[in-house]
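So the sequence lines, in the order shown, correspond to chains A and B.
At position 80 of the first sequence the residue is numbered 80 (our numbering), and the sequence of numbers has no breaks.
At position 246 of the second sequence the residue is numbered 1246 (our numbering), and the sequence of numbers has no breaks.
Check the hints yourself; a few may be wrong.
Computed spacing ranges between beta-carbons, pair by pair [as the list claims (entries may be wrong)]:
| id | chain 1 | residue 1 | chain 2 | residue 2 | range |
| --- | --- | --- | --- | --- | --- |
| 1 | A | L167 | B | P1094 | 21 to 29 Å |
| 2 | B | P1172 | A | K67 | 31 to 39 Å |
| 3 | B | S1069 | A | N218 | 20 to 28 Å |
| 4 | A | I214 | B | P1094 | 21 to 29 Å |
| 5 | B | S1141 | A | V200 | 51 to 59 Å |
For lysine to aspartate or glutamate, the following EDC-like pairs were computed, each having C-alpha atoms within a straight-line distance of at most 16 Å [what the hints assert, rightly or not]:
| id | chain 1 | residue 1 | chain 2 | residue 2 |
| --- | --- | --- | --- | --- |
| 6 | B | K1030 | B | E1066 |
| 7 | A | K3 | B | E1103 |
| 8 | B | K1241 | B | E1261 |
| 9 | B | K1237 | B | E1279 |
| 10 | A | K67 | B | D1057 |
| 11 | B | K1133 | B | D1118 |
| 12 | B | K1015 | B | D1057 |
| 13 | A | K83 | B | E1074 |
| 14 | B | K1008 | B | E1072 |
These are calculated hints, taken from the structure and not from any lab test.
These numbers were taken from a predicted model, which means no experiment stands behind them.
Just so you know, even glycine gets a beta-carbon here, dropped at the ideal spot from N, CA and C.
What follows is each chain in one-letter form.
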Amino acid sequence: MLKNYFTLINTKYLVIANIIIPVVAGLVCFLGGKYILVVPAFLLAYMVFMVIDGVTDYFCFGNVYQKGSLGMDFLKTSYGGMKALKQAMIVDFISRYVRVLIFVAIGVLPILINADEPKYQEEFMMYGIDITSIKMFALILILLMIFVEYIFINVDRYIATPQNAYLINMLIIVGGGALIGGCSYLFGPLTFGNLIPLVVLMLVLLVVEFIFTIWHMNRKLDASYIDQID
Amino acid sequence: METSYIIKGENLSKKFKKFELNIPELKVPKGFAIALIGENGAGKTTLMNMLSGIRMDYKGELTYFEKYSDKERETNPAVKDKIGYTGPGKYYLPQWTIGDIEEISSLLFPSFSREKFDEIVNELALSINGENKKKKNSSLSDGNRMKLMLAAAFARDTDLLILDEPASPLDPLMRDKLCQMINEYIEAGNGEKSVFFSTHNISDMENITDYAIIMENGTVVEEGFVEDLKEKYILVKGEAKDIEVAKDVLYTISTNSYGFEGMCLAQDLDKLAGLDVTEETPTLYQISVAVMKKNTKLVMR
Chain A
1 MLKNYFTLIN TKYLVIANII IPVVAGLVCF LGGKYILVVP AFLLAYMVFM
51 VIDGVTDYFC FGNVYQKGSL GMDFLKTSYG GMKALKQAMI VDFISRYVRV
101 LIFVAIGVLP ILINADEPKY QEEFMMYGID ITSIKMFALI LILLMIFVEY
151 IFINVDRYIA TPQNAYLINM LIIVGGGALI GGCSYLFGPL TFGNLIPLVV
201 LMLVLLVVEF IFTIWHMNRK LDASYIDQID
Chain B
1001 METSYIIKGE NLSKKFKKFE LNIPELKVPK GFAIALIGEN GAGKTTLMNM
1051 LSGIRMDYKG ELTYFEKYSD KERETNPAVK DKIGYTGPGK YYLPQWTIGD
1101 IEEISSLLFP SFSREKFDEI VNELALSING ENKKKKNSSL SDGNRMKLML
1151 AAAFARDTDL LILDEPASPL DPLMRDKLCQ MINEYIEAGN GEKSVFFSTH
1201 NISDMENITD YAIIMENGTV VEEGFVEDLK EKYILVKGEA KDIEVAKDVL
1251 YTISTNSYGF EGMCLAQDLD KLAGLDVTEE TPTLYQISVA VMKKNTKLVM
1301 R
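So here's chain A without its partners, still in its complex pose (with noise of 0.2 Å):
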């Protein structure tokens, strides 16, 4: 599967995807939160990640999903073509949480080891976050964060051009940022104990949206790929 993975898989992509993206967008995180305001800082560290991310995705992949999209000729004159670009798409998938936890790890868990310091705590005050649930708030955030990245996948495979995708990108990210602020109003004061079942409730919708983006992966290879009747 990795052999797949790092074959067919653009070398350029695999290093700005996976590696330039989420530490260029973790340190925007953690200077700004440092320095500046740590929400707004998250705010656009999660767009400059976000939109980079779909952008490259784009240039990797393009319209993968659409039937007769650029370079599926080749693989579909060679028997194991559709099998090792399948396999390659799901380490792709795999490494999506990869990319959140660089980012996290840089740009979020500073902060959140040094959430008691005065400064950070009068921030989070102002956004009516309870100190104590803090890290709780931050764990559903990353669990956002990946939830839309696999919107992303989902949505961008079918986009012929890069500009639409960029589009498509910005308005998932609208969508997700209402999402987490939809949260704020719907569950009231952010306290550790009512964000635990947004917690799960996160986990059990990531779990059923990678099913899903695997599903959805195969179904649509297969209908682009082998055309066939039955």
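Assemble the complex: chain A is given as a structure, and chain B must be docked to it using the hints.
For chain B alone, coordinates are given in the frame of chain A:
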């Protein structure tokens, strides 16, 4: 000698909105260079895509190497690995480099030889001693892109090469080189290896073509060994005074104020007795044009 077939097809059909491919019987002889000829939109690429496994939404039966069905082509790796293919420009992803293509080919095709690939890319001046391997597919010219596809196809141990318009983007020198490569491939196979290629450059490919299949309007309108076709059709030239008589006899005819030139079926040659005509053996190009002219929907003057 009994002819065996590398591909046999029965009742092949594929319907599009404004076009239908319909071939009741297709026979591609084994051990030869077979040219698929036809005007634009005749259905050549559709047929080649069906044969190579790119397109599978067709009806009909295909048999490969006299024993494997098209389903087995997809499920038995040994069958698919014996078939090489080159197609139009979008065959490889644009961002792949020559090195990437070598890497990916060796991953996907068990019989792909890196040494042979390096040798061919050197020979075709695509990459000299490993240089230019970082060059992207998108930065190559159409001709070099085709050379790259050919290098990857010829670097495999195959028994059948399906080449869709390999000569079109190539310069005359490279077309000559392609003919040489096809010749060497067939000779090395001792009757086991075949090359099935589509072409509009009939003259350039004529000296290596053993068998020709001519398609028009989605079906095969003529086929046969080139030598047999050259016996079946006779090129006839005559004077203006005989045009009216010749028109009724000839398969196709072109006229001008000095006279006429046309293709005559050998069986009809007797009907020209008494006319002042000269007879010549036609080239494959002349036969193909005559057959296409006879069956085309184009308005010919």
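Status of each hint after checking the structure:
As the Cβ distance of L167 (chain A) to P1094 (chain B) is approximately 22 Å, the hint placing it in 21 to 29 Å holds. For P1172 (chain B) and K67 (chain A), the hinted distance range of 31 to 39 Å is satisfied, since their beta carbons lie about 36 Å from each other. With their beta carbons about 24 Å apart, S1069 (chain B) and N218 (chain A) fall inside the hinted range of 20 to 28 Å. The supplied range of 21 to 29 Å is met by I214 (chain A) and P1094 (chain B), whose beta-carbon atoms lie about 27 Å from each other.
Checking the proposed 51 to 59 Å range against S1141 (chain B) and V200 (chain A) shows it holds: the Cβ atoms sit about 58 Å from each other. Annotation: proposed proximity of K1030 (chain B) to E1066 (chain B) holds, straight-line Cα distance about 10 Å (limit 16 Å). Taking the CA atoms of K3 (chain A) and E1103 (chain B), the gap is about 11 Å. The hint holds against a cut of 16 Å. About 13 Å separates the Cα atoms of K1241 (chain B) and E1261 (chain B), which keeps this hinted pair within 16 Å; it holds.
This hinted pair checks out: K1237 (chain B) and E1279 (chain B) have alpha carbons roughly 7 Å apart, not beyond 16 Å. About 12 Å separates the Cα atoms of K67 (chain A) and D1057 (chain B), which keeps this hinted pair within 16 Å; it holds. About 10 Å separates the Cα atoms of K1133 (chain B) and D1118 (chain B), which keeps this hinted pair within 16 Å; it holds. For the hint pairing K1015 (chain B) with D1057 (chain B), the CA-to-CA distance comes to about 9 Å; that is within 16 Å, so the pair holds.
The straight-line distance between the Cα atoms of K83 (chain A) and E1074 (chain B) is roughly 12 Å, inside the 16 Å bound, and the hint therefore holds. Annotation: proposed proximity of K1008 (chain B) to E1072 (chain B) holds, straight-line Cα distance about 14 Å (limit 16 Å).
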